[in-house]
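Student: Read off the chains here:
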Amino acid sequence: MLVTSRGRLLTAAGAALALLTAACGGSDGSEGSAASAEKKLTFTSYGSGYQQAQAESWLTPWAKREGVTTVQDQPTDYAKIKTMVDAGRVTWDVVDTEPYFPVGVCGTYAEKLDFSKIDKSKFPSGTVSDCAVPDAMYSLVLVYNKDKYGANPPTSTADFFDTAKFPGKRLAPGFASGGAIEAALLGDGVAKDQLYPLDYDRAFRKLDAVKKDLTFWDTSAQSQQALESKQADMALIWSGRAYMAVKNGAPYKAAWNDNMLAYAVLMVPKGAPHKDLAMSFIAYATGAEPQAAFAEKQPYAPINVDAKPQLDDLAQEWNTARDDIQQAGYFQDAAWWGANMDEATKRWTAWTTG
Amino acid sequence: MTATTPLTPVAGTVAAAARRGRRPRGLLLLAPALVMLLVFFAYPVADIVWRAFSEPHLGLQNLRDVFADPVTLRVLTRTVVTAFGVATLTLVLAYPYAHLMTVVSPRWRAVLMALVLLPFWTSLMARNFAWIVLLQDGGPLAKLTGLLGLGEKPLLGTAVGVALGMVQVLLPYMVLPLYSAMSGIDRRLLSAAASLGAPRRTVFGRIYLPLSMPGVVAGYTLVFVLALGFYITPRLLGSPQQSLIAQVIGTKVEKLLDFGGAGALSLVLLALTGLLLLAVSRVARPASMLGLKEED
Numbered sequence: 517m518l519v520t521s522r523g524r525l526l527t528a529a530g531a532a533l534a535l536l537t538a539a540c541g542g543s544d545g546s547e548g549s550a551a552s553a554e555k556k557l558t559f560t561s562y563g564s565g566y567q568q569a570q571a572e573s574w575l576t577p578w579a580k581r582e583g584v585t586t587v588q589d590q591p592t593d594y595a596k597i598k599t600m601v602d603a604g605r606v607t608w609d610v611v612d613t614e615p616y617f618p619v620g621v622c623g624t625y626a627e628k629l630d631f632s633k634i635d636k637s638k639f640p641s642g643t644v645s646d647c648a649v650p651d652a653m654y655s656l657v658l659v660y661n662k663d664k665y666g667a668n669p670p671t672s673t674a675d676f677f678d679t680a681k682f683p684g685k686r687l688a689p690g691f692a693s694g695g696a697i698e699a700a701l702l703g704d705g706v707a708k709d710q711l712y713p714l715d716y717d718r719a720f721r722k723l724d725a726v727k728k729d730l731t732f733w734d735t736s737a738q739s740q741q742a743l744e745s746k747q748a749d750m751a752l753i754w755s756g757r758a759y760m761a762v763k764n765g766a767p768y769k770a771a772w773n774d775n776m777l778a779y780a781v782l783m784v785p786k787g788a789p790h791k792d793l794a795m796s797f798i799a800y801a802t803g804a805e806p807q808a809a810f811a812e813k814q815p816y817a818p819i820n821v822d823a824k825p826q827l828d829d830l831a832q833e834w835n836t837a838r839d840d841i842q843q844a845g846y847f848q849d850a851a852w853w854g855a856n857m858d859e860a861t862k863r864w865t866a867w868t869t870g
Numbered sequence: 511m512t513a514t515t516p517l518t519p520v521a522g523t524v525a526a527a528a529r530r531g532r533r534p535r536g537l538l539l540l541a542p543a544l545v546m547l548l549v550f551f552a553y554p555v556a557d558i559v560w561r562a563f564s565e566p567h568l569g570l571q572n573l574r575d576v577f578a579d580p581v582t583l584r585v586l587t588r589t590v591v592t593a594f595g596v597a598t599l600t601l602v603l604a605y606p607y608a609h610l611m612t613v614v615s616p617r618w619r620a621v622l623m624a625l626v627l628l629p630f631w632t633s634l635m636a637r638n639f640a641w642i643v644l645l646q647d648g649g650p651l652a653k654l655t656g657l658l659g660l661g662e663k664p665l666l667g668t669a670v671g672v673a674l675g676m677v678q679v680l681l682p683y684m685v686l687p688l689y690s691a692m693s694g695i696d697r698r699l700l701s702a703a704a705s706l707g708a709p710r711r712t713v714f715g716r717i718y719l720p721l722s723m724p725g726v727v728a729g730y731t732l733v734f735v736l737a738l739g740f741y742i743t744p745r746l747l748g749s750p751q752q753s754l755i756a757q758v759i760g761t762k763v764e765k766l767l768d769f770g771g772a773g774a775l776s777l778v779l780l781a782l783t784g785l786l787l788l789a790v791s792r793v794a795r796p797a798s799m800l801g802l803k804e805e806d
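Just so you know, the sequences run in chain order H and B. Just add 516 to the spot in the first sequence (first one is 1) and you have the working numbering. Just add 510 to the spot in the second sequence (first one is 1) and you have the working numbering.
A few of these clues could be false.
When the alpha-carbon atoms are kept at most 20 Å apart in a straight line, the in silico DMTMM-like pairs for lysine to aspartate or glutamate are as follows [what the hints assert, rightly or not]:
| hint | chain 1 | residue 1 | chain 2 | residue 2 |
| --- | --- | --- | --- | --- |
| 1 | H | Lys727 | H | Asp678 |
| 2 | H | Lys633 | H | Glu744 |
| 3 | H | Lys727 | B | Asp647 |
| 4 | H | Lys862 | B | Asp557 |
| 5 | H | Lys728 | H | Asp704 |
| 6 | H | Lys664 | H | Asp675 |
| 7 | H | Lys862 | H | Asp849 |
| 8 | H | Lys746 | B | Glu662 |
| 9 | B | Lys663 | H | Asp749 |
| 10 | H | Lys628 | H | Asp646 |
| 11 | H | Lys862 | B | Glu565 |
| 12 | H | Lys598 | B | Asp557 |
| 13 | B | Lys765 | H | Glu812 |
Chain H side only, calculated, beta carbon under 10 Å to chain B, not exhaustive [said to hold, decoys possible]:
| hint | residue |
| --- | --- |
| 14 | Tyr594 |
| 15 | Ala595 |
| 16 | Lys598 |
| 17 | Phe617 |
| 18 | Lys628 |
| 19 | Phe732 |
| 20 | Ser736 |
| 21 | Gln747 |
| 22 | Asp858 |
No lab work stands behind these hints, which were simulated from the structure alone. These figures come from a predicted structure and were not determined experimentally. Note that CB positions come from ideal geometry on N, CA and C, so glycine has one too.
Put together the whole structure using the sequences plus the hints.
Tutor: Printed below as a string of structure tokens:
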């Protein structure tokens, strides 16, 4: 009996693998025929509406202007970039990533950018590095259920940690670089410009104090779902997801004080086959008009200071490019995270699983 | 006589040739699967093992880190405990279900089989998000515990929530081997035992249970091994407090590009699975043989 079922299992596994090869063989053949000398660019991002808006506002008009064939892939995967570069077979030309990644691997897994082609004067200060420029902006912001707190709502990160004055369930990012460590330090009285290097012990002491009321989100879709079903009274959440939840009727408001401004970047994997085209595309995508067009299609804000998107009232309320939001916030330090991701992740994992 | 004797060696060679011919053809049929296994299983596994010992430099440091890090050990222990719990709960739920499948009419059997297979045809992500809705505060399950007088328990982000989701996903892997073992049991043996005066409990304990053991062992092992490597369900239904080893490996690969460290962890997991399978093969054979021996 055991033998037959094992035999059947093997047969099934064999069949599945055979199907897999058939599928792989097909895609391999079509890709191999395209020579790398062609005017072709492969753009990789995180998929969904975000990448669709990037394609419509940046990729398509740029490709038309330059006469380039474009290919898209998804999702962004750092392990894949490492594997491609290590194997010397890079197929991605431009990739949308988090800022810490190209900073940490600049020169090893990321190409230096050509700033004779890309105008870096139009970005907020501190967001440009040798291997990456920002392409979309958002913020990790404190939102609260306005029905629950009524006339006396929380106004700053310190209130997130004050469970006596503001009882209720909290929701925070469940990964090291998500911003919970920064928020804890701000809540403990550290000034915005004194955050880095992060004091882990102090941050975890502060987080310990609210641990029993604290839940975590791991994917941004999950965080939006949590707001829409009112699972948290207060949440540290990406502005774009909060905006979408509110648009769908979730009763939340933002307290922009101490919001952590964050941004996505465009980078070029080391040894990318169409480097020159990549620089030309990055220069175009980060220009004022494509940035405005992008911002009008999805909830992330433009990163080019000259971009003037036409937004409705609700979108404008969550537009992190707004002056007052910028003034109230601070930029997460990508350079520090690029250098300290290992240690911070280790400490974070130790704290969360403890 | 004289006519047949010269024929025999000829017939013999033909038969031998046919036998020989059948074997290479059999191997030929196996070849695609073997090539696949080599390319998509053996090679990647060898690569992972090699990286565990060679990145960032040659040596045992990655393996040493696994055993020196209390956090990793804690997560590893939790993963094994969770896998045992999930496999046991799955068995408890699946055993009566599989038995029911063997005694109902063919039409009802088809319905029960379809219910088991339904999850296979549903996207894993859709199922996980459905579980989020079921488990969340004020959700149906929380209401149920409230009605039972236990108070509205939080389930989302807890070990219980993760276990429930995993059991549902893994149930088919337990039901199918159980059903296949149980449907092969000769029911006349049960009648015979009853007619000889054995009470129902004895019939079950001394005949039915031992005969269904191969299915129990196969299902339990399958579910346990699959549960060891669960990734998406604990990520979405759990919280970092209950993270399992696959999530730690995932973070090492995706965020830290620490292929060596991830490789060492995978190696430990692989060794653990191998040891378990070895132990099971030792335990399973005597058990199933015992069941058969008692018949003779």
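Student: Would you check the hint for H:Lys746 and B:Glu662, treating anything up to 20 Å between C-alpha atoms as holding?
Tutor: 16 Å, holds
Student: Does H:Ser736 meet its interface restraint, that is, does its C-beta lie within less than 10 Å of any C-beta in chain B?
Tutor: 12 Å, violated
Student: Taking the closest Cβ pair, is H:Tyr594 under 10 Å from chain B?
Tutor: H:Tyr594 check passes; min Cβ-Cβ to chain B is 6 Å, inside 10 Å.
Student: Does H:Lys727 pair with B:Asp647 here, judged by a C-alpha cut-off of 20 Å?
Tutor: 18 Å, holds
Student: Given the hint that H:Lys862 pairs with B:Glu565, test it: the Cα-Cα distance must not exceed 20 Å.
Tutor: 18 Å, holds
Student: Going straight from one Cα to the other, do H:Lys633 and H:Glu744 come out at no more than 20 Å?
Tutor: 43 Å, violated
Student: Taking the closest Cβ pair, is H:Asp858 under 10 Å from chain B?
Tutor: 6 Å, holds
Student: Could you check if H:Lys598 really has its C-beta closer than 10 Å to a C-beta on chain B?
Tutor: 5 Å, holds
Student: Has the given pair, B:Lys765 with H:Glu812, been kept, meaning a C-alpha gap of at most 20 Å?
Tutor: 31 Å, violated
Student: Decide if the proposed pair is consistent with the structure: H:Lys862 and B:Asp557, CA atoms, cutoff 20 Å inclusive.
Tutor: 25 Å, violated
Student: Is the hint on H:Lys628 kept, meaning its closest Cβ partner in chain B is under 10 Å away?
Tutor: Hint on H:Lys628: violated, closest Cβ of chain B at ~19 Å, above 10 Å.
Student: Against the 20 Å threshold, does the CA-CA distance of H:Lys727 and H:Asp678 hold or violate the hint?
Tutor: 12 Å, holds
When the structure is compared with the earlier hints, violations turn up for hints 2, 4, 13, 18 and 20 and for no others.
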